[in-house]
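Turn these sequences into a full structure, and let the hints steer you where they fit.
Protein chains: 2
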Amino acid sequence: MATIDVPNQVSFVEDAEALRKACQGWGTDEKTIISVLGHRNAAQIKQIRLAYEKLYQEDLIKRLESELSGDFERAVYRWILDPADRDAVLANVAIRKTSLDHHVIIEISCTRSPEELLAVRRAYQARYKHSLEEDVAAHTKGDIRKLLVALVCAFRYDGEEINARVANSEANILHDAIKDRTFNHEEVIRILSTRSKMQLLATFNRYRDDQGTSITKNLLGDSDAAFLVALRTAVRCLNDPKKYFEKVLRNSIKRIGADEDALTRVIVTRAEKDLKEIKDLYHKRNSVPLDQAVAKETSGAYKALLLTLLGKED
Amino acid sequence: MATIDVPNQVSFVEDAEALRKACQGWGTDEKTIISVLGHRNAAQIKQIRLAYEKLYQEDLIKRLESELSGDFERAVYRWILDPADRDAVLANVAIRKTSLDHHVIIEISCTRSPEELLAVRRAYQARYKHSLEEDVAAHTKGDIRKLLVALVCAFRYDGEEINARVANSEANILHDAIKDRTFNHEEVIRILSTRSKMQLLATFNRYRDDQGTSITKNLLGDSDAAFLVALRTAVRCLNDPKKYFEKVLRNSIKRIGADEDALTRVIVTRAEKDLKEIKDLYHKRNSVPLDQAVAKETSGAYKALLLTLLGKED
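As given, the protein sequences belong to chains A and B, one line each in that order.
For the first sequence, the positions run 1 to 314 when my numbering is used.
For the second sequence, the positions run 1 to 314 when my numbering is used.
Incorrect hints may appear among the rest.
It does not matter which identical chain is meant; a pair holds if it fits inside one copy or across any two.
Claimed, not checked - Derived pair list, reagent style DSBU-like, types lysine-lysine, alpha-carbon separation capped at 35 Å:
id, residue 1, residue 2
1, K141, K296
2, K197, K62
3, K179, K129
4, K217, K54
I should point out that these hints are in silico values taken from the structure, not numbers from a laboratory.
This is the structure:
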């Protein structure tokens, strides 16, 4: 369930006018920006951007970028992009880092639905004139490349039908690979990148039934090699995305000064989807409500926007 | 350009009635089936199937399958499927062969546009409740698997923008791999499976400029290993699909008794696209018109359908 609080009736023209007014004159009225954009869903924001463009012959995003700064600017920018376009931007930022951020690429590949991931690949091409897999492949090498490219290119079967025999045999293949510490075994990549999510759930369940421990636990090896970490991230994203997002939030808040990139990313990408459940998981796991934890680590307009997206009333 | 000869005005109901009549009574009127379906494009055939279903509460394809047999049945069945669905069937047939037919998988992956390939993957899932890459991966192994899965999963950038610097450096990478006979080098697979077709053309041209011979010629090694053959097929499909199809036709006709599967496949999949140019290439290369060569190697209703699709008037 979503956390954002969206009114039934929205006038896109009035919203565009309010945003224009908030950006005019001396200083910027951040409160208005939050009270409008923080209470609109992606479809409405799209309409507001169109209305704004028509009224003022100016791109709302560009205007906001020139008015705002810091964490607040980045959060607003990420929030008001169309979801597929936003993921394309997040992926590109991750690719262009000095050392490519595997986690973001894996998160986008494995927690979005097959159709959503396809929309991201389309948006990426429209924006960057390259394919997503092309840029991921050009910025990685070795086993990590094999895993990331396979995950990014996946267009998984999205139906309910599973094959118990396959779950059984592939649980064994995964177990053998883990036992022998041959995680980069091509069979492991094949299974994780081509099977449907329902099939993988069945395989992971079978693994746990056979071995008495979960595959994610078994992937917590002595070694902390990048590939092993990437593999574990992929399994966690495929197996239980909400639990995965809770942990990303937990780690981002625990860091000294907080990891704003991760915090913003999870809140803006999940606010319209399942942030309610992620919030509940967070509360249960950390014995403190997520909005309270976020409030403690952030400040100013950035804090106000995140709390609005988390559904906290002023 | 297409070879099929399609009238401007078509009545889908009249077509459905004619087909019904052709299937009724003693024996089947193959001539009518050819004169209707051989002169309709994919969009029209879709409408005829709908009209037929509505009029007779029966699936036209199932009815034709029960009436027809042999090469003619297979050709009619392939021809009247929706193009993406047809490719899904062709791919599945190739996968289920005792030894998976690489060429068909490579041909579909590399000669269709990125959007067409995506439509094939969608159609494959709808029909078989698996993803195409999942089935390809489950039926292959080693280097061939790496190449085929990467090609099938590609969603290439389809625009005009190319990067001359990349063409230069990747022509060198390909040349080094060929020189060292390390075709299975992961860089080779990355380049062939992620770069846009325009970019690959620039890279292949650069290769020829630098080396004085084409990459396809350089891939004609002493060894005839399956992987080398697959690589060459991929390069040929990406570099010049029409020339590739001409060669498939040439080889299928040269074989004693002809390879009907390949002959049918190229004619039904290209008839509405570029079979005109492929015919011209064939004539030029073999000093005999394609329809004449096809007529010599085939017979009966099968021959009549192929010649109709090739645009030959009775």
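Hints, one by one, checked against the model:
1. Proximity of K141 and K296 under a CA criterion of 35 Å is satisfied in neither setting, with 40 Å inside one chain copy and 52 Å between copies.
2. Taking CA atoms no more than 35 Å apart as the test, K197 paired with K62 passes between copies only; the shortest distance there is 33 Å, against 38 Å inside one copy.
3. With identical chains, the CA atoms of K179 and K129 are at most 35 Å apart between copies only, with a shortest distance of 31 Å across copies and 42 Å within one.
4. In this assembly of identical chains, the alpha carbons of K217 and K54 never lie at most 35 Å apart, being 54 Å within a copy and 56 Å across copies at closest.
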